[in-house]
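Visitor: Take the two lone chains, each set in its own frame, and fit them into one complex as the hints suggest.
Read top to bottom, the protein sequences are chains Y and P.
The number in the numbering used here is simply the position in the first sequence, starting from 1, with 13 added.
The number in the numbering used here is simply the position in the second sequence, starting from 1, with 20 added.
One should not assume that every hint holds.
Pairs of lysine-lysine, PhoX-like flavour, derived with a Cα cap of 25 Å [as the list claims (entries may be wrong)]:
#1 Y:Lys51 with P:Lys266
#2 P:Lys395 with Y:Lys141
#3 Y:Lys51 with P:Lys208
#4 P:Lys358 with Y:Lys221
#5 P:Lys325 with Y:Lys44
#6 Y:Lys46 with P:Lys301
#7 P:Lys208 with Y:Lys141
Part of the chain P face toward chain Y, derived, beta carbon under 8 Å [to be verified]:
#8 Arg76
#9 Leu99
#10 Gly134
#11 Asn368
#12 Thr372
It should be emphasised that the hints constitute simulated quantities derived from the structure, not laboratory data.
Using N, Cα and C, we set each Cβ at its ideal position, and we do this for glycine too.
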Amino acid sequence: MYWYQYLSLGCLGICVLACLWHFFRLIRLGKPKDLSRKSGNVTRAEIYSYTLAMMPNNKESAYLHIPAFTSGIFLHIGTFLSIALFVVFFFVDPKIFPEWLTWTCVVILLVSAISGLSLLIKRMVSGKLRDLSNVDDFISNLLTTLFHIVTIFYLIFAYQAAIYYYIEVSLLLLYLPVGKLRHVIYFFAARYHLGFFYGWRNTWPPQKMD
Amino acid sequence: MEKLTKKQIDDAVRLLKMPPDSKLVTHLNACVHCGLCGESCMYYKTMRDNRFIPARKVELVSSLYRRYCTLTGKIAPFLVNAKELDEGTVKEMVDMLFGACTMCGRCVKHCSIGVDISYVVHFGRRMLAAMGLVPDTLQATVNAALDTGNNMGIPVGDFVDTIEWLEEELIDEYGENARIPLNEKEKKVLYTLNPREPKFFPLSISAMATIFYAAKESWTISTNMYDVTNYGIFNGDNAQAGQIAKRLHDEMYNMQSKLLVLGECGHGSRVNRWEGPNYLKHPYDFEVATVVELINSYIRNGKIKLDKNRNQELVTIHDPCNLVRNGGLLSEIRFAVKNSVANFVEMNPCGTDNFCCGGGGGQLAMSEYNERRLKIGEIKAEQIRATGAKIVATPCHNCVDQLSQLNHTYKLGVKIKTIAELTADALVFDEENED
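Next comes chain P alone, as it looks inside the complex (with noise of 0.2 Å):
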């Protein structure tokens, strides 16, 4: 590694000194080191390597706030263990924060204090971000999204071109009035999509057009901005995920919709649903909601039909952490599966004690800790397995990569499916929608 310069350290320092409410400071001072926060996270429980104990990763970022910001870690650093903003410590946050974290909050809900753990994290992959030490491959997902509009960098043309193909095979089966309008202003929806959705899982689109076709929904997608991710929270640098932020809820207010409906990514949905207002400091004017909370609405209000038979696979749910523990939808998910699906089967653990699937926190982004992330999978797979199911339901499309992974890897010998996908799979249509 490189040496660091003065004006790298003074960045960093700075974060540390001007904290912008009373969280960092509490969670930096209320650690204490009992360590019993080790079994409840994937990395530890899986190669019982001390390093990935989360209060060692707290330990990373408050050993710095206490050389820089205490007067015991400036008078006596040995007692307290406050340590120097040096290459060895810089050189151990990327590869703990970045690299051994999914900040999946899995520690925070079981830590015996209440400590913020995957906010200190943020803090600390912050900190590496004004440095300019993000690993490359992460970064590269976030350049990508701010130059070409989307994180994968799709080229308008073969995006419309996907989604043109989608319609043709929508109207052959449907009729003329199941369509994927694209650009079209004024209408009450505008939806977004993972970019992956266009790339590897069109099907997924497709899902949720016929939804939208059954429910007789004013929809759109815009071909400017319909990117839901944003890597931002996971590089650390507020300023671009603001930015990705500011491109979505711009597009808002030129396509004149009243509702940003957010694609089935967990992630994409915290940054828009929770952290978007923040990042651009101003709460946003229009509703926002997730596919999961729309698709609930349209079975409450009598807007689609479904029959639960026609789903007769015994189906379980992965929660997305940041859906579930960081999102609030536990039950949500659970009313469109269950409304969705014959059978169906918990994991163990679930709901806001669920684990991640392992590519939470940019992991599927950085690809130099493959290794790391699929050998953490391994609790997922065997959750997975355990539950005798035969379709994974997980309405987050980074958990359905890592997913589709852990299944060829572990060898399930299951499905991994959308909730859309599954809604989809048991509407019935009525008279009216048959053209």
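In isolation and in its complexed conformation, chain Y is listed as follows (with noise of 0.2 Å):
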């Protein structure tokens, strides 16, 4: 192993610690305490705020935002993936991949990275966006695009690319826990909320018009 992978593996220690952290202090802090008589199922409706409650046909910020929405959809896609590969590329040389392997996972990261850079652009250009970002949003964003793109480099490339590519994964996890991007722990949390206060009054899973 190089420098650079120690430094990665480093800074995923510091990454994991840090989430352990976050994720422990919502444990800490514990769950809300309803005293009201509950209405309806509450494990019902967190199984539905994980699932049909995030389709598409279920959410104006995706229905009503096709373009962002599939852009976001995709931009995650291709985070998974590099995480994914990152992971396989300490037991498995990028070199020995199966060439179709290679180009499927260039293609996918490709399209994400694409996605990444759009949703970027769009933050730069839109007064609506603008107006409610912060430098955060642009730093996050760019990480994970740039981790998209030196992925696609380090499978294509290998060891030209090596050095880039560790920078690159132990610059967003470090930022990772500080950032926006911690937002990965979060979401799940707020999908749980959600999940319990609308179970608890009966209005998820939704009931029949009729």
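Guide: Okay, structure coming up:
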């Protein structure tokens, strides 16, 4: 292993520890205590919250904004694929990947990187989004999109791109727990709380209109 | 605006630093600033002002959280837009959190992440309340409830006169058994009202009294505490909300009733059904039901008979946010209405996707925001117009008030009715009811 691989492993350790701190803080703070009489089924609502409630046909943020929603989905697919590859690269040299697998990953990551870039450009160009954004929003997007791009380069060029790849990943891992990328944890907690709230009151799962 | 004192800042920041559970921390950390919530908010949809995007309202609170409660916000505030709690921030918070949000929760359901935006807005209002910065108009409504026992400050004598007049009318129509019992202990039901009813809409009290008479219910109203509303949920002062909720809670014991029936009021139902036990920090050991649920129990148990053909005009439903999206009564409201009317049409969108009327969140009490309130109501007005309905039914007197103003402003030419009024119009009396 090279020094930059050790560096990325160290950053991964810091990232995991920091994320665990966020996670255990939520656990320590505990679940909401609702003393009113429950009306619905919280478990079913939680399941709904993580599944059907997230479907594009159930959210205006999806069906009224198909391009942004689709870009977001691709960006996340690319991110999860890049994370998976980051782990795999410690055990398998990208040079020995079968060609079809390399190019499949490259195509997916190319799409996700373009999606990330388009969202970044949108954030810069749209007055509405610029108003809402802070420096963190741009850094988070940039680091994530670059993550996809360096993964592509590492898949194709392997050793020549290795140092850039691992340094970028290290920066991303260090930044993740302090910037908005930490929504990787809070997203799941938010869905939990939403499921609890709507489930307790029998709003979710949705009732039939008739 | 006057300069904030250190105590004001400390009181507000203390709330941020002492979350009761993981919910606040979660929602203050979850927003990704995608801005897609804008189209779900009636303020943004009607006025296209970026300040009205729900995520911006969340940002007002979360930027303070980052400044005072996160390492990044303390070390590098510019990076994450961590803001000081100063006069400028507070001024914007008052305008946006009190004056530009009905806390309807429509944006919550449609948020790409699931941030409970109305919960965060309410928390922001709590911070402002802790600093003594609730708009005077809204606070006056809460003070009236605290000082007089009802939010409109109706003197007991006037209330009793109104009820007695209504009872005389009822007896004239249905006979001696058709009563509006006041202060009678050990009745099964303690019935509550929105003070707008005795003040402006007395016929809705008659309607419910007629239904009670038809169902042969054992019921009473307490002159000591009949107000179902609780604007303490809107001004963000949980202690005051708890004080008002406790009065109704205690009146159940005073009247020795078994079932607290919440009059047709969205936020009042929400407070007393869902929030009250949490304000008082103990579960209620009596049953609580909304009027809609009670009427439906009468229909299901055959205690009342309805002839829907008595309501021939086309009816649509306005779903009050606090009863449907935040209260789970979607199908209950439809059950009551569909059993009471011959012709029914849904609004689009409706149910949990329905738009707020614009009167929620205490907006009706804050006259300084009247122009905005009527402007955002344009969405509801166009929804109603598109149905072609002649009657809009809604189980919430604040909604009735706002819809009546929209009816006038946007020349809709519809009648606004409560569920009890529609049901009473469809009642069929059997011989046992006849005196």
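Visitor: Give a verdict on every hint.
Guide: Verification of the supplied hints:
For a cut-off of 25 Å, the pair hint linking Y:Lys51 to P:Lys266 stands: about 20 Å separates their Cα positions. Taken as a hint, the P:Lys395 and Y:Lys141 pair is honoured in the structure, with Cα atoms around 21 Å apart against an allowance of 25 Å. Restraint check for Y:Lys51 and P:Lys208: satisfied, since their Cα atoms lie roughly 22 Å apart, inside the 25 Å limit. Between P:Lys358 and Y:Lys221, the direct Cα distance comes to roughly 14 Å. Compliance with the 25 Å bound is thereby established for this hinted pair.
Among the hinted pairs, P:Lys325 with Y:Lys44 is inconsistent with the structure: their alpha-carbon atoms are about 45 Å apart, more than 25 Å. Straight-line distance between C-alpha atoms of Y:Lys46 and P:Lys301 comes to about 10 Å, which keeps the hinted pair within the 25 Å bound. With a CA separation close to 55 Å, the supplied pair P:Lys208 and Y:Lys141 exceeds the 25 Å bound. Below 8 Å, beta-carbon pairs count as interface contacts, and P:Arg76 has one with chain Y at about 6 Å; its hint therefore holds.
Proximity of P:Leu99 to chain Y holds as hinted, the smallest CB-CB distance being about 5 Å (cut-off 8 Å). For P:Gly134, the suggested interface contact is upheld, since its CB lies about 4 Å from the closest CB of chain Y, less than 8 Å. Interface restraint check: P:Asn368 against chain Y, minimum CB-CB distance 12 Å, threshold 8 Å, status violated. Annotation: P:Thr372 was flagged as interfacial toward chain Y, and the flag holds, the nearest CB pair being 6 Å apart, inside 8 Å.
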